[in-house]
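Quick mapping for you: the protein sequence lines, in order, are chains A and B.
Add 13 to a position in the first sequence, counting from 1, and you land on the number used in the working numbering.
Add 13 to a position in the second sequence, counting from 1, and you land on the number used in the working numbering.
Read the hints as simulated data drawn from the structure, not as lab findings.
One or more of the hints may lead you astray.
[What the hints assert, rightly or not] For lysine to any residue, the following SDA-like pairs were computed, each having C-alpha atoms within a straight-line distance of at most 25 Å:
#  : chain 1 : residue 1 : chain 2 : residue 2
1  : B       : 197       : B       : 334
2  : B       : 197       : A       : 160
3  : B       : 197       : B       : 339
4  : A       : 197       : A       : 181
5  : B       : 197       : B       : 320
6  : A       : 197       : A       : 215
7  : A       : 197       : B       : 238
8  : B       : 197       : A       : 237
9  : A       : 197       : A       : 274
10 : A       : 197       : B       : 237
11 : A       : 197       : A       : 182
12 : B       : 197       : B       : 223
13 : A       : 197       : B       : 161
14 : B       : 197       : B       : 314
15 : B       : 197       : A       : 307
16 : B       : 206       : B       : 237
17 : B       : 197       : A       : 161
18 : B       : 197       : B       : 44
19 : B       : 197       : B       : 56
20 : A       : 206       : B       : 237
21 : A       : 197       : A       : 285
22 : B       : 206       : B       : 218
23 : B       : 197       : A       : 238
24 : B       : 197       : B       : 256
25 : A       : 206       : A       : 155
26 : A       : 197       : B       : 307
27 : B       : 206       : A       : 238
28 : B       : 206       : A       : 237
29 : B       : 197       : B       : 340
30 : A       : 197       : A       : 268
31 : B       : 197       : B       : 31
32 : A       : 197       : B       : 160
33 : B       : 197       : B       : 216
34 : A       : 206       : B       : 238
[Said to hold, decoys possible] Just a sample of chain B residues kept apart from chain A, beta carbon distances all over 10 Å, derived:
#  : residue
35 : 37
36 : 40
37 : 63
38 : 335
Just so it is clear, CB atoms sit at the ideal spot from N, CA and C, and this is done for glycine as well.
There are 2 protein chains.
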Amino acid sequence: MRVTEPEARDLAVRLLRQRGVPDRAASIQADVLVEAELRGHPSHGLQRLPRLLLRIERGLADPVAEGAFSWRSDAVLDGDGCKGLGPVVAFAAIDRLLERVERTGVAVAAIRNAQHLGMLARYVEAIATTGRIGIAMSSSEALVHPHGGTRRMLGTNPIAIAVPSAGGTPLVVDLATSEVSMGKVHHHASVGKPLQPGWAMDADGRPTTDAARARDGAIAPFGQAKGYALGLAIELIVAALAGTPFAPQIRGTLDADADCNKGDVFLVLDTDQSPDLAARIADYLDLVRASPPERADRPVGVPGDGARARRSASLANGFEVDPQLWATLTDLQHDQTNSRRETPS
Amino acid sequence: MRVTEPEARDLAVRLLRQRGVPDRAASIQADVLVEAELRGHPSHGLQRLPRLLLRIERGLADPVAEGAFSWRSDAVLDGDGCKGLGPVVAFAAIDRLLERVERTGVAVAAIRNAQHLGMLARYVEAIATTGRIGIAMSSSEALVHPHGGTRRMLGTNPIAIAVPSAGGTPLVVDLATSEVSMGKVHHHASVGKPLQPGWAMDADGRPTTDAARARDGAIAPFGQAKGYALGLAIELIVAALAGTPFAPQIRGTLDADADCNKGDVFLVLDTDQSPDLAARIADYLDLVRASPPERADRPVGVPGDGARARRSASLANGFEVDPQLWATLTDLQHDQTNSRRETPS
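Using the sequences and the accompanying hints, generate a full structural model.
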C-alpha cells in the first residue's frame, strides 16, 4: 500500500508519544525511520518500530533518556546512552560536537548503551549541512563471516561519511561492510528467491544460495579481503572508543529481550567552509557524473544521488509500505481515534 | 636475486645521502621502502627509489625539507610539505599529533606538497605502538573508474587503520580502494598474463582482460558500488582538509616531471590505553582466527598477519629483488666503493 510522508510521520510520532516519548524525541526518532522509507531503505524504516515500542514497554529502552555526556578529553565526548532512543542520544552528542569543533577543529563522540540508530546517513548529512565533514560508525550483532571463514564473527559494522558540497547536496556515503543485509536474506527466504553465489554461508559453514538456510548462517563481507579488513577495523575502533563488546556478545538491536550494548562513534571535522571549496567539490562530483558510463542508458552516479531522487519521488507520490506492517502499526495505537490533529499527550 | 634487509637499507640510505638527504631523513625514507619489501609489497618498495632520486636531482623533491606546520585549530594541524620527502614530513606531523592528542584526545594533520608516502601501514602502526588508533588517507593520480563508469576519475585513494592490541601486534589494515593496483596491471602486461574479468577497462572504456590495453585505461574500484563510494569519500575528505586537487589534476607521484600536489591526512585517536582493552581486542582477534575456515588448509587470518609472517621470513632469509632494479640502484651510487661503513656525507 502507498503511504504519504505525513501519514507515516504522524503514526510513528503518535505511537512513540503513547509510550511516553516526549514530543521532540518522538519527532527525532520518527524522522530517522521515515527518512529511511523515503529513500527506499525499508529495512531501516518503519519495520524497526514495533520492536522499539516493545523494548520501551519492557523497560529495555528508556523513552525519556537523552544520554549522559562528559568530555573525556578536550575533543572526545564520552556518552552513556542510558538506554535512550538511539537517534535522540546521537543528536544530543552531535550538538555537543558541533559546538566544540569550532575551537578544536575535530571532535569525536563514543556512545554506549543507546538503542539502534537506524540509517547512519541521517546523522552525517546533518553534520555536513553545517559545513563540516561527518563520519559515523556503529557496531552490531555478529552476522558476517571473516574473509576465508564461515562463521558469523563480525557485525555488519556500517560506516557513513558526508562531505559538504555546494548547493546543499553533500556527498553522502552510507554502507554496511557486509555484501548484503541479513534483512535481504530474510526477504529472499520469504519470497522463495535464491541468493547470489558468494553472499552467504549456511549454519554448517557451507556456501549456500538457499536463503532459508542462510538465515541461520553468515553473510559475506563486501569486497572480499578488503571489505573484511575494513569491517574488522570498524569493529575494533568502536569497541576501543566506546568500551563496548565485540559482535559475538552484542545484543539488543535485533531482539526485544536484551539490553542494547552496541557502540556508536561520531566524528566531526571542520573544513574551511569556503564557497570555493564547496564549489570545487561540486564541480568534481559533476565531472564524475558526466564521465562515460558503462551502459549508455545508465549515467554514472555519485553516492547519495539515488537516495535523493527516491526521496523526492516519495515526498511527491508517497511510498510503498507492506500492508501487514501498516496494519500492525495501526493496531499498536492505544487510541484508535486515528486523528491527525490530536493534541500532544 | 635475494637481498638482505641491511643490504637494502644501506643502499637506500647511501643513495639518499648522496643526494643531500640528511642522515635521519634518509633512514626514515629508506625504512618505509625497505619495510614494504620485507612484507612482500615490492610495488611500494625499492622500485620507487630511482624516481624519487631523480625528483631530488631535478629539484622536484627537496632533500632537506621537513615541512612547515601550524595549528589551524586546537586539534587540526595544517602541514605544507614544502616538497619534502613524504615519510619525513609525515612523521614530523605525527610527532606533533601524538603530543597534542594527550590533551585533545583526537588530532588530525592535513598535508599538501609532500612526496609519495609509500606504504601507509608504516605510519598507522607507528601510531598504534603508542597505544592510540591511527588512520591515514592519501589521494593520488586518477586511475580508478567510477562504479558504472569507464574512465579513470578517482585516485586509488588508500586508507590505513591501526588499532592497538596486546602483545605489541596491533590490527593493521592498509588497502587501496581499487580492485587491483596499476602496478599489478603493468606486471601482468610485462609477463603477458591476462587480467581477471572485472579488473579493468581499456582506454576506449571497454572491459578488458588484456593487461597491455588496460595500462592506458582504468582499474575498477574494489567491492563494486561500496568500494567506489568509500574511495570517493576519501578523495573528498583529503581534498577538503588538505586543500589539494582532485585525482584528474594530481601529478608528481608516478612521474619525475611535475610538482607533487596530492594530499595526506593523518588522524590519531586516544584510547584508554588500558591492558584490559588491549587484552579484550587480542582475545577477539584470536577468536576470529580460531573460527572455522572456508578451506581446512587455510586458517582464518586477520589483516596484518600475512605481512608480519612475510616480514619475519624476510628478516631471516632476505627477500627477492628484481636483479635489474638492484643493478639500477647500484649504478645510481655516485661513489662505487660500495663500502657499508662509509662515513656520512
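Item checked: Violated hints, by number in ascending order, as checked against the structure -> 4, 11, 21, 24, 31
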